[in-house]
Amino acid sequence: MRVELRHIFKSFPHNGSSLEVLHDINLTVAEGEFVCLVGPSGCGKSTIIHLVAGLERPTSGDILVGGRPVTGPDPSRTVVFQDAALFPWLNVLGNVEFGLRMAGLPPVRRRARALEYLKLVHLSRFTTAYPHQLSGGMKQRAAIARALALQPEILLLDEPFAALDAQTRAVLQNELMEIWELARPTILFVTHNVREATGLADRVYVISSRPGQIRDVQAIHVPRPRHAEDAALLAHQHKILELLGEEVEKVLQDELGERVHFPEAQHPVPPEQSRGMHS
Amino acid sequence: MQALALLYLLWEATAFAFPAWPSPRTVFGALMDDFRQPVFRAALAGSAWRMLVGYTLVILVGISGGLLLGRVPLIDQIIGSFAVAIHAIPGAAWVPLSIIWFGMTERAVIFTILLGASGIVMVSTDTGIREVPPLVARAARTLGARGTKYFWFVVVPSAIPKIVDGLRLAWAFGWRALMAGELLTSVSGLGQLLSQVAKAGQLDQLLAIMLLIASIGIAVDGLVFKRLEHAVRVRWGLA
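Chains as they are written, first to last, in this note's numbering: chain A, 1 to 279; chain B, 1 to 239.
Calculated from the structure, these hints are not laboratory results. Bear in mind that the values here come from a model prediction, so they are computed numbers and not experimental data. Beta carbons: idealized from backbone N, C-alpha and C, even for Gly. Incorrect hints may have been included.
Simulated restraints, written as ranges between beta carbons of each label pair [to be verified]:
1) A:17 with B:223: 49 to 59 Å
2) B:237 with A:222: 36 to 46 Å
3) A:76 with B:73: 25 to 35 Å
4) A:133 with B:48: 30 to 40 Å
5) A:171 with B:234: 46 to 56 Å
6) A:133 with B:172: 23 to 33 Å
7) A:231 with B:237: 43 to 53 Å
8) B:76 with A:68: 32 to 42 Å
9) B:223 with A:9: 27 to 37 Å
The whole structure should be built from the sequences, with the hints applied where relevant.
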């Protein structure tokens, strides 16, 4: 299903006044496309996910999925959150079956479908384990299986691998890719990790912060499977880092009240006026 | 263990210093004798039975009351503060009312337990219902949980730790209310025995029964509720 955000503005009430988090966001995700949103922390990327999921309403603008406006959460648009958000009172199988239960699937079919997806994420041996017994990587696998078991038209992922170590992250990225190539759901994947974004996506939107705005969009034409050292990928990463460097400097200036300079940033800053930083 | 040994020694010391005050040996001896008396064992069984019935009612009334309060705003508006008020009144204070309504009967004692302990269960359940972790709520909604299904499959399970906390406290309140009820009515039970031996001036028996009452309260709390509470907290990821 195609996703379209048109002229999305979002403000939150904050200490009596309002804080604009998203400013005139326009983006589309074609059916079956894998799109990443990259940006510094606090730039409203998660808000975009919540808006598409129907968990929040935009202050103004339209969100269309398959041509129809989003009015609320729906199991055709499932989410994988940064910290899995598994239900602690259910074991892994129960968690993955949850959406299917809500949808009214009979127990036998529910179980079969859940086990199918648990096999895809390599958690077949842990079906009776409870979330508190799982490692971070296993929780995320379970969360992915849970989100996919509903066979959604759109899979939304909000920094799902951010809390994991590099090796686990790499493994899960590969698993996600494999799964995507099987079923081809439309994917909107939010991350602050530029490498991850360029390694996974067909297109990458770069989001600036405070308020969040689309800074750039890059189409990644590198064929899959992609290699981390691919020159074209590195070029994309470099470009994105440049843009982000400026954004992060802006954020830090707000927060620290001083000017911080990243070597990759485009604008020249006299050395006496800045503290050097290396990413 | 060391704490208990210390207390024992302290007790022996005071008994030695004040001859009128019974020593631990005398008290334990009295307790051992008591257990050989059928009347005593019957009283103990009676108390246990009343507690069982009363506590079961507390669970039923407390949890369903709490669920209603949390789910139906109208009910919360009408009797919400009432539940909190009930909870604020100590069990013993309900005895006179219980006696007026049910006479000096077993029912009065059970009623006292109900009123003394269901308030905390209602309040805990209500709080648990209202405090669904936002992340859980969001995940559930995106997976298609709505309305009644959302309530029974998401809200209630996430309230279980709070409910269990309430049940544990209710045990303590209920046990106290039971003793107060038996003490002040003429219903046979540990509480009533307490009043009997007090009137007869049998200090060693008095202490023996008090010790027993305290021990049962602590034992059930430690062996049942504390473990349950911990197990629940671990699974729910709170501990």
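**Request:** Against the structure, test the hints numbered earlier, and report the numbers of the ones violated in rising order.
**Result:** 5, 9
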